[in-house]
Amino acid sequence: MTEQERLELFMERIRRGEKIEATDWMPDEYRQLLIKLIHMHAVSEIMGAYPEKEWVPKAPSLRRKLAIMAKVQDEMGHGQLLLRVVEDLAKPLGKNREDLIEDIYHHRVKFHNVFHMEARTWADAGVIGWLVDGAAIINQASLLSTSYGPYARVLKRICAEESFHMQHGENIILALAMGTPEQKRMLQESLDYWWESLLFFFGPPEVTPAAERMLYYRIRTLTNEELRQKFLDKYVPRILSIGLTIPDPQLHYDKELKRWIYTMPDWEKFGEIVKKNNGPKSRERIELRRQAHEGGRWVREAMLTKTAV
Amino acid sequence: MMSADGKVEYGVYEVFVQKSHADHHVHVGSLMAPSPDLAMQLARENFLRRDSAVNLWIVPREYIYTTPYSSDFFAREMDRKYREVGGYTENGRLWRLFKEKTLTMEEIVSHIEET
Amino acid sequence: MESAEQAQKNEAYLLALRDLLYQLADDELTLGHRDSEWLGLSPDIEGDVAFSSVAQDEVGHAVFYFELLHELGEKDPDRLAFARDLSERKNAVLLERENGDWAYSIARHFMYDVWDDLRLEALTESSYVPLAKGAIKIRREEYYHLLHMHSYFVRLGQAGKEAKKRLELAVKAIWKDIGGIFGFGVYEQKLVEFNIITKPAEELKQRWVKRMQQAFAEAQLTWPDSWEPVQYDGRRGEHSPELEQLLQTMSEVYRIDPTARW
Numbered sequence: 001m002t003e004q005e006r007l008e009l010f011m012e013r014i015r016r017g018e019k020i021e022a023t024d025w026m027p028d029e030y031r032q033l034l035i036k037l038i039h040m041h042a043v044s045e046i047m048g049a050y051p052e053k054e055w056v057p058k059a060p061s062l063r064r065k066l067a068i069m070a071k072v073q074d075e076m077g078h079g080q081l082l083l084r085v086v087e088d089l090a091k092p093l094g095k096n097r098e099d100l101i102e103d104i105y106h107h108r109v110k111f112h113n114v115f116h117m118e119a120r121t122w123a124d125a126g127v128i129g130w131l132v133d134g135a136a137i138i139n140q141a142s143l144l145s146t147s148y149g150p151y152a153r154v155l156k157r158i159c160a161e162e163s164f165h166m167q168h169g170e171n172i173i174l175a176l177a178m179g180t181p182e183q184k185r186m187l188q189e190s191l192d193y194w195w196e197s198l199l200f201f202f203g204p205p206e207v208t209p210a211a212e213r214m215l216y217y218r219i220r221t222l223t224n225e226e227l228r229q230k231f232l233d234k235y236v237p238r239i240l241s242i243g244l245t246i247p248d249p250q251l252h253y254d255k256e257l258k259r260w261i262y263t264m265p266d267w268e269k270f271g272e273i274v275k276k277n278n279g280p281k282s283r284e285r286i287e288l289r290r291q292a293h294e295g296g297r298w299v300r301e302a303m304l305t306k307t308a309v
Numbered sequence: 001m002m003s004a005d006g007k008v009e010y011g012v013y014e015v016f017v018q019k020s021h022a023d024h025h026v027h028v029g030s031l032m033a034p035s036p037d038l039a040m041q042l043a044r045e046n047f048l049r050r051d052s053a054v055n056l057w058i059v060p061r062e063y064i065y066t067t068p069y070s071s072d073f074f075a076r077e078m079d080r081k082y083r084e085v086g087g088y089t090e091n092g093r094l095w096r097l098f099k100e101k102t103l104t105m106e107e108i109v110s111h112i113e114e115t
Numbered sequence: 001m002e003s004a005e006q007a008q009k010n011e012a013y014l015l016a017l018r019d020l021l022y023q024l025a026d027d028e029l030t031l032g033h034r035d036s037e038w039l040g041l042s043p044d045i046e047g048d049v050a051f052s053s054v055a056q057d058e059v060g061h062a063v064f065y066f067e068l069l070h071e072l073g074e075k076d077p078d079r080l081a082f083a084r085d086l087s088e089r090k091n092a093v094l095l096e097r098e099n100g101d102w103a104y105s106i107a108r109h110f111m112y113d114v115w116d117d118l119r120l121e122a123l124t125e126s127s128y129v130p131l132a133k134g135a136i137k138i139r140r141e142e143y144y145h146l147l148h149m150h151s152y153f154v155r156l157g158q159a160g161k162e163a164k165k166r167l168e169l170a171v172k173a174i175w176k177d178i179g180g181i182f183g184f185g186v187y188e189q190k191l192v193e194f195n196i197i198t199k200p201a202e203e204l205k206q207r208w209v210k211r212m213q214q215a216f217a218e219a220q221l222t223w224p225d226s227w228e229p230v231q232y233d234g235r236r237g238e239h240s241p242e243l244e245q246l247l248q249t250m251s252e253v254y255r256i257d258p259t260a261r262w
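Protein sequence lines correspond, in order, to chains A, B and C. Read in order, the letters of the first sequence are residues 1 to 309 in full-length UniProt numbering. Read in order, the letters of the second sequence are residues 1 to 115 in full-length UniProt numbering. Read in order, the letters of the third sequence are residues 1 to 262 in full-length UniProt numbering.
Derived from the structure by calculation, the hints contain no laboratory data. Backbone N, C-alpha and C fix where the C-beta goes; we use that ideal spot for every residue, glycine too. What you were told as hints is all true, and nothing was included just to trick you.
Facing chain B, from chain C, some residues (calculated, C-beta under 8 Å):
#, residue
1, 46
2, 47
3, 49
4, 50
5, 53
6, 147
7, 148
8, 151
Take these sequences, add in the hints, and give me the full structure.
Set out below in structure tokens:
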């Protein structure tokens, strides 16, 4: 079979809606795109633990303390599941877990803009749990139909656990929204701070060449803008219902265009954060990951030492 | 094991969970661990944080033998209704001639469970 | 004593029981809190997930003990966890120390878990029935902790080189505080007399030493000489600045408005 024939057969499978498996033949481009996407997803889960981790020791009740620990733990667990998928894809290229983690502090892999931001208050921890997770859930739910089987399977597990995260986030927010004036003020102030990041989350509206290829291979099925619209569909009414003000006077649903109109955020700022790791907390959190990984190397080495049992 | 260039490299273990004594072990995913005993301990928290189980298997990846995905290994193209319940729908009609009904497994099981 | 109601009728019994429950609750809460600080920082991702479960278990056990205290007429569990002064805390000082490196965290955890296992065993037939019932459940959950910590402890020691050196340093640091985990505080005698705990502390300590010496041998570590008396006795409410800092952090949000629902 020529390379061309193999490729055609492969694309036929994709078009038929079949799932591709790790051991199947796949075009290099498909493998590279998967690695890029899932590596970023995995690293976002792991780096996503840090902003909330800062609030684990400060959670204001025993129940909240337990719940936020469980939630951050789940995020690490999702990172684990996703890393395993990337590891199997990257193995033929000679990369393993160590390389994939080191890529974070060698700035060779990006992670979601939201995790470059500061979590300043308990309300921020709540908004992360509610809206940042909400955005992530929209994204992950849309990936359930991805053409890559191993990714689809771990996403199924991840989405099941995210349904707990949704309740967890909503519960914190509802407590604040129904709380004292000070709690309400904290919550509004937090939404004001996070709104731009939430719009950033799904990426710029234009379909980049890489995104186009992902759609072509059915790795992804929706564009950035389609996802953002779905997020606004689900979350704007809820945000308004608890008496919060969204800090965008332009924001409204255009019934004729059947889409949300919003003030375009500054996409240059977004690039600065995500591509150059120049967000308010980028350096500090990347350094934490470096310390955890490098600082734990002696443990990993020791655990591998063959010993007399 | 350490790889040739001295990188730390844990082994890959596939994880199988048995939910109850009435179930077989089911594959749930894989993890990296330095040794089988640690793999077992880590599997509990990486895969059973919420669900309960009665047993856990971990198997080094290299011991898993697998079929290819797209091959004719699983091909069954011809009619095999003769070996399925659905192949005997006429029984219902025939029993009606004798004023009786088809006997089903569910009916037997529920009859046995009756006290 | 079948219930809180009965226990509350006997002043001396109640005093001793409450003091022990505070020790148990504070031990678990403090260690669980320290464990949670490893989130996102453990040597590998799978281990990070597992360690967090241990942290949650410990805090969960603290919740159980605080609930028992609440039933006995003390304030609600959140107030007990978040709003008691430093001098009211009864945890062993060892557990409030900062995490240090992985060797320190593992060794401390393992040594405490062995102690906790012995203490729980001596509580499974406590005259205070609600405590006895809980001890049986908690001890079953602690099985995994013991197994997990033992694996790391032994492996780090056996690995030699840096790991062993770090473990030896950890043991040395722990030895300064270790004396503080044994003992049941000011009501020790009463607790045993009332059969709230069914074994004297001294006996449990001897058994701890035996079990620990075995583990040291497995890990190929030398058993250090006996420990000095502790600088602070946590069981009497004496604590290091490290606990003060921990409590500051832990109650930061709670203190914004202790009456609010968070």
